[in-house]
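First to last, the protein sequences are chains A and B. Residues in the first sequence are numbered consecutively from 1, following the working numbering. Residues in the second sequence are numbered consecutively from 1, following the working numbering.
Be a bit skeptical, because a hint or two may be false.
Said to hold, decoys possible - What follows is a list of derived Cβ distance ranges for each label pair:
id	chain 1	residue 1	chain 2	residue 2	range
1	B	Arg460	A	Pro40	54 to 60 Å
2	A	Val16	B	His456	56 to 62 Å
3	B	Pro827	A	Ser87	54 to 60 Å
4	B	Tyr99	A	Gly27	53 to 59 Å
5	A	Lys63	B	Tyr15	56 to 62 Å
6	A	Ala58	B	Leu182	33 to 39 Å
Just so you know, these hints were derived from the structure itself, not from any lab. For glycine and all other residues, C-beta sits at the position ideal for the given N, C-alpha and C.
Here are the chains, one letter per residue:
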Amino acid sequence: MTPMMNVEIDEKRVVVALRESCEQLDGAVGEVMLDFSSVPRIDPSGLVAMEALADAAADKGVKVILCGVNVDIYKVLKLAKLTQRFSFA
Amino acid sequence: MPANDSPLSAERIAYLEGLVRQARTAAAVFTQYTQEDVDRIVKQMVLAGLEQAPHLAQLAVSETRLGVLEDKTLKNMVATEFVYDYVKDKRTVGTIREYPDRGVAEVAEPIGVIFSLTPITNPTSTVLFKCIMAIKTRNAVIFSPHPSAGHCCSEAVRIMYEAAVKHGAPVGVFTCLESQTLQDNAYLMHHKDVGLIDATGGPGMVKAAYGSGKPALGVGPGNTPVYLEKTADLDMAVVDIITSKTFDNGTICASEQTVVIDDEIYDTVLRKFADLGAHVCNEKETKLLGRTVIDPTTGYMQPMAVGQKATDIASMVGLSVAPGTKLLIAPIAGVGPDHPLSVEKLFPVLAVCRANSVDEALKLCVDVNHAGGLGHTAVVFSRNDEVIQKFGEVINAGRIIVNAPGSIGALGGVYNDMVPTFSFGCGTGGGNSTMDNVNVYNYLNIKRVARRTTAHMWFRVPNQIYFNMNAVENLRNFPSRSTVIVTNPAMEQIGHVDIVRRNIPPGTRVHVAVIPDAEPEIKVVMEGVETLKFYKADQIIALGGGSVIDAAKIMKLKYESPQADLVELAAPFLDLRKRVVQYPTDKVTQARLIAISTTSGTGSEVTPFAVLIDKQAARKVTLADYSLTPDVAIVDPQFVMSMPKGLTADTGIDCLTHALEAGVSILSSPYTDANALQALQLAFKYLPIAYENPRDEEARTMMHNAACIAAMAFSNAAVGVNHALAHAFGARFGVAHGRANALMLPHVIAYNAAVPSKFMPSPNQKGYVAHQKYAMMADLLGLGGETVEEKVQNLVAAIEHLLDQLAFPRSIADLGISKQDFESAMPDLVKAAFDDPSWRSNPRMPLLSELEELLWSAYRGRGSAKPSSPRQHKTVVEERLCV
Chain A
1 MTPMMNVEID EKRVVVALRE SCEQLDGAVG EVMLDFSSVP RIDPSGLVAM
51 EALADAAADK GVKVILCGVN VDIYKVLKLA KLTQRFSFA
Chain B
1 MPANDSPLSA ERIAYLEGLV RQARTAAAVF TQYTQEDVDR IVKQMVLAGL
51 EQAPHLAQLA VSETRLGVLE DKTLKNMVAT EFVYDYVKDK RTVGTIREYP
101 DRGVAEVAEP IGVIFSLTPI TNPTSTVLFK CIMAIKTRNA VIFSPHPSAG
151 HCCSEAVRIM YEAAVKHGAP VGVFTCLESQ TLQDNAYLMH HKDVGLIDAT
201 GGPGMVKAAY GSGKPALGVG PGNTPVYLEK TADLDMAVVD IITSKTFDNG
251 TICASEQTVV IDDEIYDTVL RKFADLGAHV CNEKETKLLG RTVIDPTTGY
301 MQPMAVGQKA TDIASMVGLS VAPGTKLLIA PIAGVGPDHP LSVEKLFPVL
351 AVCRANSVDE ALKLCVDVNH AGGLGHTAVV FSRNDEVIQK FGEVINAGRI
401 IVNAPGSIGA LGGVYNDMVP TFSFGCGTGG GNSTMDNVNV YNYLNIKRVA
451 RRTTAHMWFR VPNQIYFNMN AVENLRNFPS RSTVIVTNPA MEQIGHVDIV
501 RRNIPPGTRV HVAVIPDAEP EIKVVMEGVE TLKFYKADQI IALGGGSVID
551 AAKIMKLKYE SPQADLVELA APFLDLRKRV VQYPTDKVTQ ARLIAISTTS
601 GTGSEVTPFA VLIDKQAARK VTLADYSLTP DVAIVDPQFV MSMPKGLTAD
651 TGIDCLTHAL EAGVSILSSP YTDANALQAL QLAFKYLPIA YENPRDEEAR
701 TMMHNAACIA AMAFSNAAVG VNHALAHAFG ARFGVAHGRA NALMLPHVIA
751 YNAAVPSKFM PSPNQKGYVA HQKYAMMADL LGLGGETVEE KVQNLVAAIE
801 HLLDQLAFPR SIADLGISKQ DFESAMPDLV KAAFDDPSWR SNPRMPLLSE
851 LEELLWSAYR GRGSAKPSSP RQHKTVVEER LCV
């Protein structure tokens with residue numbers, strides 16, 4: 001079974017949580033699951049952090065799965081052309 | 001600043017890409033904002049802009065060396081306060097407008113990234129305006145100011161940006177190119193992530209924007225004509241014109257360019273201009289001015305004069321004018337290349353031209369309008385509404401300003417109630433996609449969420465129907481001075497006319513108009529109309545089968561409304577409520593139409609249809625309108641007791657077909673279903689009895705009722721493809737209508753019951769229900785079966801059995817039509833069936849190939865009634881429909 005890391009993204013500290021996830025990618029193998037259930041809205045810095053995470057994950061060959069993304073944020077990711085860089089659950 | 005002709009460096013491209021990426025991110029994030037979010041931010045931006053209005057005006061004047069500080073301050077305040085006043089209560093997020101009665105809601109979708117060009121003439125005010133519009137609509141903007149206004153514009157962007165972000169706008173929502181070249185602009189105009197170009201600038205830039213292939217808002221060049229008509233308030237007009245033309249030294253492109261003045265007031269007006277500080281040039285001065293401020297090669301204004309004071313222009317040209325002169329007025333004799341000053345002049349030089357009549361004045365204004373100002377702005381001063389209206393009709397301008405200054409009037413919100421703007425759309429005349437005062441709605445994609453509406457339906461029948469034996473006695477209740485009985489020879493011979501006569505109230509003048517026993521020709525109808533006129537009929541009694549009743553309907557129409565054009569009224573239509581041709585409502589006289597049917601089939605006594613033969617054009621004319629419906633129907637079986645067997649069968653099957661087709665029609669409703677199903681039950685039970693035992697009074701009565709009831713159903717639900725096919729091959733091979741219908745029936749039911757290869761748009765129906773309705777009919781008839789499919793099969797079998805009982809031929813081949821003849825007629829048959837309007841209410845849209853297949857099935861006959869599509873509905877019994 002593929003080892004998987006689960007991270008819950010806190011609404012108040014999206015950028016920090018994403019940066020931390022980025023750092024933890026080194027230790028991850030296979031897949032990382034980020035839970036956005038408690039994130040109602042995302043700001044530009046959050047988007048930049050997500051892009052950085054996508055870059056880092058691509059470098060390390062880790063698949064990042066986003067779960068619990070609401071449709072408003074999904075549309076933001078779509079408009080920012082980031083949806084193709086993540087998997088969704 | 002990179003040279004204009006050098007290609008973009010890799011660094012420059014990276015810089016531009018960075019701007020776009022930042023804007024794209026901001027725009028994406030912005031989609032999550034609510035109306036309250038953006039309204040809060042906009043208010044704070046407006047306050048910041050108002051506070052900085054003088055500072056930005058100062059920067060603009062210093063940098064561009066155009067215009068007037070005080071006026072630019074005012075413009076900055078209009079661009080913030082007046083624009084805010086307009087937008088503050090407008091909904092621009094989510095659902096912005098709703099039309100509950102239409103079931104339509106308008107929902108805002110932001111554009112995303114807007115690339116915005118701003119002009120040198122109104123630099124900071126345009127930026128303020130566009131920033132407010134962008135935030136209000138949740139868009140990000142990359143600004144590219146005119147190179148000679150870069151600093152003041154970037155300062156305006158900075159002030160707006162800081163206020164916006166401070167109050168919650170996404171970081172990166174506005175950026176301003178630090179310095180720019182045409183290549184920068186071209187790169188951004190073509191960038192895939194730029195959603196819209198908003199080009200407020202010179203014609204070259206606007207053209208480049210449109211040339212990029214991107215959606216663009218552009219503005220056109222102006223050349224504002226003014227008509228100063230003799231009824232105008234001259235003092236007001238002169239002050240308004242001076243105010244407007246000198247505003248910011250004439251830099252607003254909506255400002256007045258040529259004033260056409262009625263001869264009667266010309267000298268007075270010029271004197272008033274002079275009294276208020278304008279210099280009126282003599283002929284020599286006008287020539288000198290024309291040569292200097294207009295480029296003789298291009299015919300356009302000289303850039304050096306743009307936005308300069310009148311006195312500076314005078315000294316530039318070498319004119320001697322009084323100190324403090326506000327405006328230079330140049331009388332010209334016409335418009336065009338021979339009159340250089342008749343073009344746009346964005347500085348305080350105003351051409352004036354004398355006109356000897358309203359007509360001449362309007363023509364001169366049209367000339368000015370077409371000399372470079374199409375779609376932009378025009379002004380009229382007049383108290384004559386006709387003049388104002390005519391001016392509005394002949395001048396092509398997005399803003400036609402009445403009795404107010406052109407420049408400030410066009411900005412909107414100050415002198416009139418137009419939408420405040422700093423961007424004037426000039427329509428197609430100005431090469432633009434919009435003629436609006438560009439506003440927030442131009443910065444939005446407006447989506448329409450359209451809910452399915454319930455179509456208005458109807459159930460219309462005569463308001464009096466008398467039925468059962470001796471119902472004809474009810475004629476006694478209808479007083480009349482003069483009655484014309486329309487009938488055919490047979491009715492007279494068998495004494496039916498006498499029965500009718502006996503029941504008409506005594507004292508009524510009665511005339512009998514006998515017409516041939518055939519589908520009525522126009523000539524017959526028109527002879528009948530003459531009879532009605534001659535006898536001044538106030539009542540028409542149609543006694544006969546469908547042809548007689550149809551003839552009487554058309555006679556009544558032409559008698560009451562002689563202007564009715566029968567051929568035009570027969571024009572095809574798809575939806576009765578939206579038909580192009582309307583039946584006349586103006587009537588020169590009125591006559592009651594009482595229809596007494598002598599067959600049990602067409603039900604013409606209650607229908608709104610009439611068929612007539614146009615022998616000259618060799619065609620049938622079908623008229624359909626509820627105004628044709630008889631006023632009274634009498635369904636008295638004594639008139640059908642003597643119907644021969646063949647006619648009983650033919651007309652009975654016609655009735656059955658009406659019920660079956662109306663029952664599955666896309667126009668069917670619970671009202672028509674009630675009638676269709678009742679008629680079906682009656683016909684199934686009583687048609688064989690009436691056929692076998694013509695003197696059976698009960699059977700005759702019930703079949704006569706069934707025909708009328710079925711007709712009420714199809715009068716409102718119409719028929720279907722069975723009729724289209726029967727009309728086509730019946731006409732071609734001379735087969736009676738009922739018989740032709742009978743030959744198609746089993747095949748059409750199987751066809752409609754299968755899964756359609758093409759569905760018919762049918763807003764009145766929820767899903768495809770034809771097969772279920774057939775199953776419901778089978779249930780009502782007690783035919784048994786478990787599944788819908790079985791029930792449909794049983795219905796087909798029962799119909800085939802009935803046709804056998806009535807001794808109908810069971811295939812077209814049985815009629816003696818050779819396969820070769822049928823085959824060679826096939827293309828015509830298919831075309832005729834497809835051209836027939838009957839199928840338009842059929843539940844399944846027939847393909848041409850399917851019409852052909854159905855005709856061949858009917859040709860082969862028994863046993864070939866199988867669905868053309870191999871797929872059957874997989875619905876089971878539980879899905880019974882409620883009646």
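For this session: Please name the hints from earlier in the document that this structure breaks, with their numbers sorted from lowest to highest.
Result: 5
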